[in-house]
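*Asks:* Here are the chains, one letter per residue:
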Amino acid sequence: MNQTNNASEGTLVARLLAALRRFAAALPNRASAVLHRRPRLRLSLLIGPPMLWLGVAYLGALGALFITSLWGQDPFTGTVVREWNLDNFRLLWESEVYRKITFRTVGIAAGVTVIDILIAFPVALYMAKVASPRMRNILVIAVLTPLWASYLVKAYAWRIMLSEDGVVSDLGGLLGIDTPGYGLAAVVITLAYLWLPFMILPIYAGLERLPDSMLEASMDLGAKTGHTMRRVVLPSVFPAVIAGSIFTFSLSLGDYITVRIVGGANQMLGNVVYDNVGAANNLPFAAAVATIPVVIMLVYLAAARRTGALENV
Amino acid sequence: MTPSATMSPGFRIVLRTITCLALVVIYAPLMLVVINSFNASQTFAWPPTDLTLDWWRKAVDSQGARDAVQVSVEVAALATVVALVLGTMAAMALQRYRFFGRDAVSLLIILPIALPGIVTGIALNNAFRTVFGLELGFITIVIAHATFCIVTVFNNVLARLRRMGISLEEASADLGASTFTTFRLVTFPMMRSALLAGGLLAFALSFDEIIVTTFTAGAREQTLPIWIFNNLFRPNQAPVVNVVAVVLILLSIIPIWVSQKLAGASEGLAGR
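Read top to bottom, the protein sequences are chains A and B.
Going by the numbering used here, the residue at position 227 of the first sequence is 227; the numbering climbs one at a time, nothing skipped.
For the numbering used here, add 313 to where a residue sits in the second sequence, where the first one is 1.
Think of the hints as simulated: they come from the structure by calculation, not from any bench.
Do not rely on the hints blindly, as some may be mistaken.
Chain A regions said to be covered by chain B (calculated; three or more residues, Cβ under 8 Å) [unchecked claim]:
hint	segment
1	37-47
2	54-67
3	292-300
Everything numeric in this text was worked out from a predicted model, so none of it was measured.
Virtual Cβ for every residue (Gly too), placed ideally from N, Cα, C.
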């Protein structure tokens, strides 16, 4: 009795399992059929997870940061006081020190970007339009390789190079160049060095897309090299330059490590944010300071969008 | 006619000279790091008077460095996997469909890398602690890294999809293959090298990141960049850091070689 019961139970389970298996096997087909008929559903399944991650979590975090910047900090307990006010921004606006740090940071970012454009353009032009295809590949690798070496180590290498009796003063002495020492110049040099590949590569890609026939046509029509550069090459790589500048500018704007390694006692916006998150534990003020680079970058991105540069990033 | 004939010889010489000088400047600091890893002077006196292998021996024995490498590899691997999945999905959605807010979505994907790292770092730090109540540690580093790695995969896959067109996928569907079968047998194989290039870039980006990491790492976890930063200014450890740096420079040749072989230069670099 017991045994038969078990047996029938067994077959029932087996039958259930078989049905389930059949259903599961048909599921991809059925799902596929449904998906095939409904492109909108397909789209939402594809875009859903990335949007949850970036649109909800990341944008949410940025939104929360902005809200925090409108709160204050209890000066005695150090805890966040959830009262809405603009005190943090007022302090930023009125304080001479923070205004100076902001201008210094933007100045450094702009300087780095200009230096990188001036170096990257001729290098990219040589790679794309003068070097042989074999040489071109070697150069692309040569430019890419340092990108993979540690950021910190490269910054530290510059610290050693720029030291009192380091390589720069040693070899530069022969040409009458002395090391600038640790300070703003050293920060600009080091950051320009670190981000140079991010400028070379988009410009190179942009120049590669520019057909040689355009240059030939310009020359056939009697334009000199300088004229061809100004009227043909520069306008066509302009979006690529903007794309590269987004990286050089943004990466410089948010940096606080390089300035600590080669910047001497100078501070950038990043240091103010870092110190307020860490030592001072004043998150609302740190959040307010962090909105400065965000606003600058959003304006920059909006301007860049008009040039069509974002397609090139 | 060769392309270079479109420029005057003098201008070509100027370009070549600048390129050579730039390469010298690019590689001088790296060479210095390599030389200093053998420099007997602990303060890297220049020029080196004596050479030694001590630092290399010390680096091999450094438990801190080895632990940090392990954390960094694990973080980068997980962040890359997340970035591969989300980046591919986003690229397929944006390349294959036209919908309202499409431009905003593409801007949103670039945003974590277009905004300064310090902003992403402090925003996530604040959200993890106050909004989600998470303790900073391994998992928060992975989430943070994946956020800014998505764009590298996205860009590579997007470029590939653009070039691929949809005719092969349509042919597959016409021949009766289901959506999943088409993806498995047609779309995925054609995207493979783009995924590899994007994944390598994502891995490298995560492996070397320090600014976002300092804000999302907490006190216990040490990635390799954080370990390097903590030891850079310690006179006893600086030479060991140098050796680690040389190893990193040497190892970096492998992914570059692989991506060159598989994806071609222009696509591998479109990443960042």
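*Asks:* Each of the hints needs a verdict: does it hold here or not?
*Replies:* Hint check:
| no. | hint | in the structure |
| --- | --- | --- |
| 1 | 37-47 | holds (count 5) |
| 2 | 54-67 | holds (count 10) |
| 3 | 292-300 | holds (count 3) |
The structure agrees with every numbered hint stated previously.
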